[in-house]
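Residue numbers (my numbering), protein chains in the order written: chain A, 97 to 369; chain B, 97 to 369.
I should point out that these hints are in silico values taken from the structure, not numbers from a laboratory. Treat the hints loosely; a few may be bogus.
Which copy is meant is left open, so a pair is good if it fits within one copy or across any two.
Stated by the list, open to error - Derived lysine-lysine pairs resembling DSSO-like cross-links, with alpha carbons at most 27 Å apart: (1) Lys-101 with Lys-134; (2) Lys-176 with Lys-99; (3) Lys-269 with Lys-335; (4) Lys-176 with Lys-101; (5) Lys-226 with Lys-99; (6) Lys-176 with Lys-366; (7) Lys-366 with Lys-339; (8) Lys-134 with Lys-335; (9) Lys-318 with Lys-269; (10) Lys-366 with Lys-335; (11) Lys-226 with Lys-176; (12) Lys-318 with Lys-292; (13) Lys-226 with Lys-292.
2 protein chains.
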Amino acid sequence: MEKIKRNERLGALTRILLDSPNRIHTLSEFCELFGAAKSTVSEDIDLVSASFERFDLGRVETVAGAAGGVRYRAIPSPAKVRRVLSDVSQRLMEPGRMLPGGFLYTSDISAESDVVQQMGEILAASYYDKQPHLVLTMETKGIPVALMTARMLDVPLVIARRDSRAYEGSAVKINYIAGGGSDRIETMALTRRAVKPGQRALIIDDFMKGGGTLQGMVDLMKEFLAEVVGVGVMIATAKPEAKRVEGVRSLLILEGFDEQTGRAIVHPSKEYA
Amino acid sequence: MEKIKRNERLGALTRILLDSPNRIHTLSEFCELFGAAKSTVSEDIDLVSASFERFDLGRVETVAGAAGGVRYRAIPSPAKVRRVLSDVSQRLMEPGRMLPGGFLYTSDISAESDVVQQMGEILAASYYDKQPHLVLTMETKGIPVALMTARMLDVPLVIARRDSRAYEGSAVKINYIAGGGSDRIETMALTRRAVKPGQRALIIDDFMKGGGTLQGMVDLMKEFLAEVVGVGVMIATAKPEAKRVEGVRSLLILEGFDEQTGRAIVHPSKEYA
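Whenever a hint applies, use it, and build me the whole structure from the sequences.
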């Protein structure tokens, strides 16, 4: 095999690591691909790692031990988190986002791949240490951010439905008290195959008001004998202060609407400010 | 500013290009970031480009002209496409995926970020030349693959709902004939804000049987005076042969189930084999 120069290896190495965030690649894998010695690949990794650190692009980490190797985690610096969340807050404060009934229009932003990628990176960074086996969300608007969070953690996404569907097989169905001021009872269903007893679930959604849907997902995980290791959302309303579910991490807070202009008042939550 | 060496630039340059697929970055952007001359950055880009080509990792392309610069497109080689689609086919043929009613269980795969990332890359590669302004899907199971396709094309994802929701504002609602053997009438709704007249829409979904839902999305785009430039799905059933919608590109074909073993028979479609 023709010798591959360092300059040629660095781009490929970076691409392969980024393609599978949080997954450990052995040095041997790269040695074989590049026809290079372990010491050489190790130096390559150090170079990429230093470059990422310098430009705030996440971390390339060496993991020691028998199952060791190298992995990429998209952990953003506090400065980058602030910048990203401040940018999204600004967009949510654009005029014309208040809808009849006092709702905030967020459907464009919650389905924009750039935004949800960045939100997913921030959310995942908060839960690496919990080592979830899966990310759970409830259809529909939370799916994009939940998918990106799952991607960053390298775990499957599991989607609870409003109804069980024939093409998902037998399902567990629960009732829960929907958010908002009302005490409306709604249904949530999840196929039996999706979660195994004892698994650790991270619950992710785009928006929390009363927290009813999130509490529903917590209850659903109990039915599967799974452990909830965290609950994270993109946006939470400041009111009501008392939420049905505890310990939720929200990236942004919707304080309400400016009475004069009708614009939303949104800011990064204290934790991320 | 301290001089940054080529080895340090290559990882960062790769990371930045991959972070925003199909988006054109000017050379000046990198010159400023790295404190380097245009000729130097240009050489860096050539190196990354050669490395990607060599290891089948997509394309880093230089775009000429006033709005020119460099962009990354995740276009996989035909060999890689075959490998990816053959792997997914194998997984769909695992025992135990046939559900009562003759449905195929695909919910795990259609929400697995790795798989939908790769499917999104393949689908996007087929539609770069159509220059869609947005990707449209219908909730729920198609959202992950549609999001990844949208990400690769660098356009927004737009999600049609079964019902219009208060938090999405005024909506256009249509009736359509749902797929399968039945002629059930269903409803599909999309917020007014999501699509502008004259925009080019790419329709993406996870599964097609009769094509009713896809045809519904085509009709929906007519209401918005938008142009449909393509329709792509992950999996299409071989039967019924006549679909309600024309010109659909499917990555995989579900021929049916083996009567003896109950396993699905799935293969890459002719176009990608």
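_Intra/inter-copy verdict for Lys-318 and Lys-292 if alpha-carbon distance must be at most 27 Å_ = Classified as within: same-chain Cα gap 11 Å, cross-chain 44 Å, threshold 27 Å.
_Within a copy, between copies, both or neither: which one fits Lys-134 and Lys-335 at a CA-CA cutoff of 27 Å?_
Neither. Shortest intra-copy (56 Å) and inter-copy (52 Å) distances fail the 27 Å Cα cut-off.
*Is it within, between, both, or neither for Lys-318 and Lys-269, if the alpha carbons may be no more than 27 Å apart?*
within (12 Å within a copy, 37 Å between copies)
_Checking an output row: Lys-176 and Lys-101, CA cutoff 27 Å. Within, between, both or neither?_
between (33 Å within a copy, 24 Å between copies)
*First find the shortest C-alpha distance between Lys-101 and Lys-134 inside one copy, then the shortest across copies, and answer within, between, both or neither for a cut-off of 27 Å.*
both (14 Å within a copy, 23 Å between copies)
*When no copy is specified for Lys-366 and Lys-335, does a C-alpha distance of 27 Å or less occur within a copy, between copies, both, or neither?*
Result: close within a single copy only, 15 Å intra versus 55 Å inter.
*Under a CA distance limit of 27 Å, which applies to Lys-226 and Lys-176: within one copy, between copies, both, or neither?*
within (23 Å within a copy, 34 Å between copies)
*asked:* Reference check for the pair Lys-269 and Lys-335, CA-CA at most 27 Å: within, between, both, or neither?
replied: neither (29 Å within a copy, 32 Å between copies)
_Please sort Lys-226 with Lys-99 into within, between, both or neither, judging by C-alpha distance up to 27 Å._
neither (42 Å within a copy, 40 Å between copies)
*asked:* With identical chains, the pair Lys-226 and Lys-292 could be close in the same copy or across copies; at 27 Å between alpha carbons, which is it: within, between, both, or neither?
replied: within (17 Å within a copy, 43 Å between copies)
*How would you label the pair Lys-366, Lys-339 (within, between, both, or neither) given a Cα cut-off of 27 Å?*
within (17 Å within a copy, 53 Å between copies)
*Taking 27 Å as the upper bound on the Cα-Cα distance, should Lys-176 and Lys-366 be classified as within, between, both, or neither?*
Classified as within; 15 Å inside a copy, 45 Å across copies.
The structure fails to meet hints 3, 5 and 8 from the earlier list, while all remaining hints are met.
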